[in-house]
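Listed below are the residues making up each chain.
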Amino acid sequence: MSIRATKQIENSPLPGGPAFIQGNEAIADAAVIAGCRFFAGYPITPSSEIMRRMIERFHTLDGRFVQMEDELGSIAAVIGAAWTGAKAMTATSGPGLSLMIENLGYATMTETPLLLVNVQRVGPSTGQATRPAQGDVMQARWGGHGGFPCIALAPSSVQELIDFTIRAFNLAEAFRTPVLLMADEIVGHLRENCVFPEQVEIWQRYYAPGEPPFDTDHPSLVPSMPKFGDGEDLLITGSTHDARGLRMASSAEVQARVSWRLHEKFERGRDEIVRTQHFGEAQPKLLLVSYGGSARAARQALTRLLDQGRDAGLLKLDTLWPFPEQQLQAAAAKADQVLVVEANCGQIVLEVERLLRNGPRVTAHLRHDGEAITPSEVLAAAEAL
Amino acid sequence: MSERLLTQYPEELRPEAFPTTFCPGCGHVPLMTAIFEAYRLKGLKLRDTTFVSGIGCASWIPSPHFKADTLHTTHGRPIAFATGVKLAAPQRRVMVISGDGDLASIGGNHLIHAARRDVPIVAICANNFIYGMTGGQVAATTPLGHITLTTPWGNEEPPFDLCKLVLAAGARFVARWYVGHRRELIETIAAALDHEGFAFIEAISLCPTAHERRNKPRGMGVTKDLFVTIEQAQGMTEQELEPKIVCGRFAADSTRRNK
Ligand code: SF4
Chain A
1 MSIRATKQIE NSPLPGGPAF IQGNEAIADA AVIAGCRFFA GYPITPSSEI
51 MRRMIERFHT LDGRFVQMED ELGSIAAVIG AAWTGAKAMT ATSGPGLSLM
101 IENLGYATMT ETPLLLVNVQ RVGPSTGQAT RPAQGDVMQA RWGGHGGFPC
151 IALAPSSVQE LIDFTIRAFN LAEAFRTPVL LMADEIVGHL RENCVFPEQV
201 EIWQRYYAPG EPPFDTDHPS LVPSMPKFGD GEDLLITGST HDARGLRMAS
251 SAEVQARVSW RLHEKFERGR DEIVRTQHFG EAQPKLLLVS YGGSARAARQ
301 ALTRLLDQGR DAGLLKLDTL WPFPEQQLQA AAAKADQVLV VEANCGQIVL
351 EVERLLRNGP RVTAHLRHDG EAITPSEVLA AAEAL
Chain B
1001 MSERLLTQYP EELRPEAFPT TFCPGCGHVP LMTAIFEAYR LKGLKLRDTT
1051 FVSGIGCASW IPSPHFKADT LHTTHGRPIA FATGVKLAAP QRRVMVISGD
1101 GDLASIGGNH LIHAARRDVP IVAICANNFI YGMTGGQVAA TTPLGHITLT
1151 TPWGNEEPPF DLCKLVLAAG ARFVARWYVG HRRELIETIA AALDHEGFAF
1201 IEAISLCPTA HERRNKPRGM GVTKDLFVTI EQAQGMTEQE LEPKIVCGRF
1251 AADSTRRNK
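The listed protein sequences correspond, in order, to chains A and B. Each residue of the first sequence is one higher than the one before, starting from 1 at the first, in this note's numbering. Each residue of the second sequence is one higher than the one before, starting from 1001 at the first, in this note's numbering.
In silico DSS-like cross-links for lysine-lysine, where the CA-CA straight-line distance does not exceed 30 angstroms:
| hint | chain 1 | residue 1 | chain 2 | residue 2 |
| --- | --- | --- | --- | --- |
| 1 | B | Lys1067 | A | Lys227 |
| 2 | B | Lys1045 | A | Lys227 |
| 3 | A | Lys7 | A | Lys227 |
| 4 | A | Lys227 | B | Lys1042 |
To be clear about the criterion: a stretch of chain B counts as covered by chain A if any three or more of its residues have a C-beta under 8 angstroms from a C-beta of chain A, and this derived list gives those stretches:
| hint | region |
| --- | --- |
| 5 | 1011-1024 |
| 6 | 1108-1115 |
Keep in mind the hints are simulated off the structure, nothing from the lab. Yeah, the Cβ is synthetic: ideal placement off N, Cα and C, and Gly gets one too.
Using the sequences and the hints given, assemble the complete structure.
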């Protein structure tokens, strides 16, 4: 399927080349490289450095920044800005994500491109603000009422924060949807070597004057997106609406079409959206599955397992949602054991179990005490299988 | 009602939005046409404004009726959405039209912060003292003693004075008129369109379906007698003023702002 967005190679507005930088700051720099010129946010640990860095960058790049009164308002302002044609984002952590979720659903329903960065910390509730976890990955997918799909990416390094942030903006534009960058405190506060691009491929939302903004026959199912002032008399609503945006409060037919298309556009876009990385044996007997900050420990544990001569491999999920179903099934085709490594009480493991039922034995190494998972723990868990 | 409106305002209204869902006698209809008249008075085009609304009957004034860009948002958040629209594209006008439940209760935080921040938008709050769309529950604006679905023996909670609230938060353009004060309302909306900062207009509206029906015989809970102008109020005792609603353009306390 072809992507319904214009693609262009552009020079980065920031100097390219090697850098040694904190993860959160890297997100901000990558966002402005991707064309982001609007940020609305509310302070929350451990994501606040993103907002601080954006202000600095916008100072020279003529971006618009506002610190809103709460997270509900932050994402609302971002959605409003996105309809003026801007690439817009916000950044938060778990408690803020909870507050943003109603409007995240609104953005999904109105097909508004934006980036929501969630630097996860351990919960539930206020939990521990400066300690890492990956407890929001199911919330990202299922947190909103009504049940809507999303695109969520999980970076494991500062370099991936840069690459995935740029990619997230491109996917948001191409699929007209909010994209969640599901970072965590480990990568957000990590300082490491990385390389900034000199040139980047930038995708822009598709717009054809006069085409309906809320439905299309195009195989991508992504409609044209005008902006305010284009003279299209936009009717944007979170209520069920027809192709022109007119509210259809009781038509089952229109509701069915909206529900189907919002899900189906991601299904059709899977090849573009879903990315995984594979380390070690391609179809091993022992498959590790991990993502984000925890995948760093899993990868080191894998090196030791391979040194021991084990038939092992690691599937790192760079895209969490839509879930890499085929990639998982292919990687686990010859496995006896699958070990999921994640910093929560067991979330992605449920998806793995669902997809590998009747297949290998699936277990999980979980940690939800606000400490980072270590390579030796993963190794021990793998050896105990 | 629909046909007459469409003939009177062919430039402003979308025919596909009709027949309108407003109940007969709803105060939101004269408010809607007052907005059109204010634009005509100023020689401005509706299309040069982005209209933002929340959830509730008043939010349906612009969406889907207006032939212009409209953003019908989530409950309570239109001012926050509008803040993003205005900041990202400052050259275009932004007007929020929503109800009292939306702007002053669930969205109260955004209201006071937009006033404090002086976001250059016009916010019109259609205050009908009730949650109309959901069947007539008590609101943060329902007068004491009024019968609602959730206060069957009379409201015991004192209501907000929205104008005082927004003034205290720092707004410099704050006004209140009843939708029956047609000329004054039109002129005030027109003046708000010229204001450079945050402009707040409380338009006292009517909800015959959910409010008037329960509170006065023959659907007359709100009449012109209920209102006095700021000038009239100056000559009145506190006791005389108690049941009245003061209308007009309220002056901001200019000493408050540290510019
Ligand atoms: S319920 Fe009340 S506010 Fe809503 S349309 Fe009817 S009269 Fe107007």
